[in-house]
Amino acid sequence: MDKKNPEGQTGLVEHVFKKGLCVTCGACVDLCPYMHYHDGRVTVMDKCQAEDGRCFKWCPRAVPPGMNTADAEQMAAKGIGPFRKIVAARACDEKKRESSQNGGMATALLTLAMETGMIQGAILTDRGDDDAPSGKMVLSKEMISAFSGSRYSASGALSALNRAVGKGVEKIGVVGLPCQMEALERRHQYYIKKQMTDQVTLKIGLFCTWALDYRKLAAYLEQEGLTGTVIKCDIPPPPAEIFRVYTTGGTFDFPLPDIRQMIQKGCSVCTDMTSLYADISLGAYEGREGWNTLIIRTETGEKLVDLAVSKGRIEIEAFPEKNMSDLDHAAQNKKNRGADASLKMTEGEVGS
Amino acid sequence: MKKIFQKNGNINLLLQGNEAIARGALEGDVSFCSGYPGNPSSEIIETLADAASHLPIYTEWSINEKVAVEAAAAASFAGLRSIVCMKQCGLNVASDFLVNLTLSGTKGGMVLVTCDDPSGISSTNEEDARVFADLADTPLLEPSTPQEALEMTKWAFDLSEKINNIVLLRSVSHLSHTRSVVRIGELPENEKKARFDTRNPFHTFPVIAKHNIRHEKLKTAETIFESSSWNPYQGPEEPELLIMACGSAWCYVLEAVEIAGLTGRIGILKLGTTWPLPKKIVRETLRKCDRILFAEEVDPFIETAIKAYAADLGEEAGGKTFMGKASGHIPSTGELNPSIFLNLFEILFGLDLINKTYREKVGEHLDGVIFPREFGFCPGCPHRGSYYAIKQALAWDNRDGFISGDIGCYTMGIWPTGFNQVKSVHAMGSGLGIASGYGKLAQFGFDQPVVTVCGDSTFYHAGLPGLINAKFNKSDILLLVLDNSATAMTGFQPHPGTGSTATGEDTEPVDLEALLRSLNIGVDVADPYETEASAQKIYALLQKKGPRVLIMKRKCALVQGKQGGFPYQMSVNHDVCLGESCGCGRYCTRIFRCPGLIWDKENMKATIDQVVCVGCGMCADICPRGAIEKTGKRN
Ligand SMILES: Cc1cc2nc3c(=O)[nH]c(=O)nc-3n(C[C@H](O)[C@H](O)[C@H](O)COP(=O)(O)OP(=O)(O)OC[C@H]3O[C@@H](n4cnc5c(N)ncnc54)[C@H](O)[C@@H]3O)c2cc1C
Ligand code: SF4
Ligand code: SF4
Ligand code: SF4
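Sequence lines, in order, name chains D and G.
Numbered by numbering that gives the first Met the number 0, the letters in the first sequence go through residues 0 to 351 in order.
Numbered by numbering that gives the first Met the number 0, the letters in the second sequence go through residues 0 to 634 in order.
The reader is advised that the hints may include incorrect statements.
[What the hints assert, rightly or not] Here are the computed distance ranges between Cβ atoms for each label pair:
(1) G:Lys600 <-> D:Ile234: 55 to 61 Å
(2) D:Ala338 <-> G:Ile467: 54 to 60 Å
(3) G:Asp608 <-> D:Ile234: 56 to 62 Å
(4) G:Ala539 <-> D:Lys215: 16 to 22 Å
[As the list claims (entries may be wrong)] Chain G residues, not near chain D, derived (Cβ > 12 Å throughout):
(5) Arg286
(6) Pro299
(7) Leu511
(8) Leu577
(9) Pro594
(10) Ile597
Derived from the structure by calculation, the hints contain no laboratory data.
Even glycine gets a Cβ: it sits at the ideal position worked out from N, Cα and C.
Make the full structure from the sequences, and use the hints.
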């Protein structure tokens, strides 16, 4: 073992926390008593001495880019990465769409996956109501729609997966951000190495440009006089430059530049916009309200989408070439930005 | 009735130094006794509290040392004899009153006993309280043995009445806690009536005149000292070395001189009355020898005074060589012992006496038998739960917060047993005062949350002003009162919140919650055993501003033990215990560290030490695997 880079919590603290790079995915939380998620942040509770820890092995930020199978693949992928199919899609159930972020695809696909027994439980991010959003294990399909809509702050949701493991649920679906999909990939590699069966059987990844720090956001919203409980947030297409929050007390707009101040530092080195490691990636359909951009990346994803179409749960349309190249461009841009930022950070370290 | 309280004298009793002081007070016809607990002084008042149920005296634990002296002064002003007892740190608290009291003077014999703690074995410091004798112009007596402690205490009342001023008596840990055979005297039986003579007020004005009177009183004391028998010389008329010793140090010197076989070569002046110096005696003794060694605990108190006096004597004193703390012959810190003197005699007399100190020899014998132990909270101690909860809340909060600590068992929060959360400890109640300062630093960019902890007893002693200061100045302060309903560290003396007095009489307990609410400060209560719920409350409170109080309420583990014990029989399920593996890493024994939890090296699993574990059940909640199981009542 490399003494300078212990592959346990010490390494995690050294490479992630000290650099402020944690993106609050939750992969390291609730595996043990040492790492906690509380009020929107992942924190180090006590010092662990293990030199071979899952926290380090699964963290999407712990290993320098390119040092791990997952990184290597991600670095090699261009734009939106490898995929089987890309379509425009939305849920047929209008009610599901209403409470959803875009086309309600995440909700619709998960509901179906649970119905068919593809998954027994789903790891979702709750609304948090007056607290920070956090991960929950959902075991009934009726409950899934209660989790619709996007929280723009990171939520440590993978901690719910860690809590769920070993409790008898063998097939689990996860909805999460690209960093969370990457953590799941690392976790999967670890399971293969240890010859264990991965419980995660479906990964629905979201598109993501950045996520916010919950505590900063909450303090800002309170200071700016937001009332009511947050239902969902949205960033209307450019050139609006606003951040819109829907609450039980109404709709509030805030200047996007203000909001960008609260982006997690760890998001700046992120190179994945479209969840490369998901079975299915979901984002907004720019310019078409109530629709999703849907990328099918794996056989598992394809089967589920096909079934959903044949059962009349979702409708799909061709994704125009122009949108496709815009999306690919945007994805590549994020990748370049992230790679540059992490290069700068390493240079800074070498320099200092 | 215990023998120590019997009327008749002329029998031998095995008494602890502090008990001898108490008996001395009784033989000295004391009526009023007060004090504040603190090692190594507590047993004096405990004994006198016990005496109060057999003899016509009054004894109280006061709220703090200053109030203790004030209350005892009232008795003196009303013509009664009084004694007041404390540890060295306590005299700091009392000193503001003391320096004024010695200007106004006293009437009934009044004795203040300070028990100093060289090495700070159970104190935050090892200060030498004798400096207050100089500061306040108070006569000072330093007994060396329990017998002498008894007699000096008794004598001190007469001295006090002769000069109409308070007299200080200084003990140290080794005298207070040693036991030896003591011949006791008879208890007086005088009818007493307390009455304040309104024609003779007690105040400090006019200051200069009173100051002069105070100096006169000290002169009188000096004359009395010089004709007293407390300062005997023993040894040859022309010794090769003259040792001037006082207190316990005299015992060490005597022992070392005997062991070294230097009885015929060394002269020892035992000073029992150390302030003001019995100059005549010192002057005569100085003539015997030009090499002088000082032996005293903590500061060079007699050393400095005698050297100054020798300077006054000028040519008459001649060229002397003084050895002591200033010259480096005696360590300037830490408790003394006979080995220190033996080592010195080897050098001064060219002897080869010892190759190893007593401590080293003991160390060798016990090596491997006794394993190293760190300071730790008892099994089942609620403070462990409180600190665990604070640690959790501060880690969640993630702004590099810390605890401003105070004096009590919970001072151990500076060590791993309290997860190293406490970052400052000074004097009684200081945690609050310091926190009230941090709470005003926001304008200078200070953004770390600070929690201050204070025990219930400490809070009454000196904590309240700090809290009121925070309220008054709108400081952002979060106080956790660690309310364990006991003055546990010093031995379970009652305090205003416990509902009984020093003598065991019922009294209405101070309602801490109501007291705090009357200040219009938000107050909440949590149970230290419910660590998760407590942590949630602390975290929520950390996010708020202004003064806030959370009372962590749970009886001291030792009190719970006495009152029927704990609910659980604990065990570790080795099939479930993760041990060193990822997911735990010996969390219970490495982080939580209750001494009831031990590491089974053979099986590489945690296990319960059934002898040590009391069955509080706290650890069951912190094990990540639920491997620590609690079942029914232990038998
Ligand atoms: C932080 C964040 C940033 C995003 N950035 C972009 C972007 O730049 N471009 C873009 O096209 N799309 C982005 N999305 C994705 C978009 O907002 C929608 O989530 C996506 O289009 C799916 O919509 P839907 O109607 O199918 O979702 P729904 O059916 O409404 O379901 C939403 C699902 O998202 C999960 N979820 C909610 N909040 C979080 C969270 N904070 N972390 C993890 N999971 C969460 C819920 O568990 C739920 O299952 C972002 C999402 C998030 C959470
Ligand atoms: S990025 Fe995820 S795995 Fe890494 S430290 Fe943060 S929460 Fe833990
Ligand atoms: S008993 Fe619990 S906390 Fe202790 S070592 Fe075993 S699993 Fe870890
Ligand atoms: S139950 Fe656990 S925490 Fe309580 S005394 Fe026993 S070992 Fe210690």
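*Which hint numbers doesn't this structure obey?*
The structure conflicts with hint 8 only, although it agrees with all the remaining ones.
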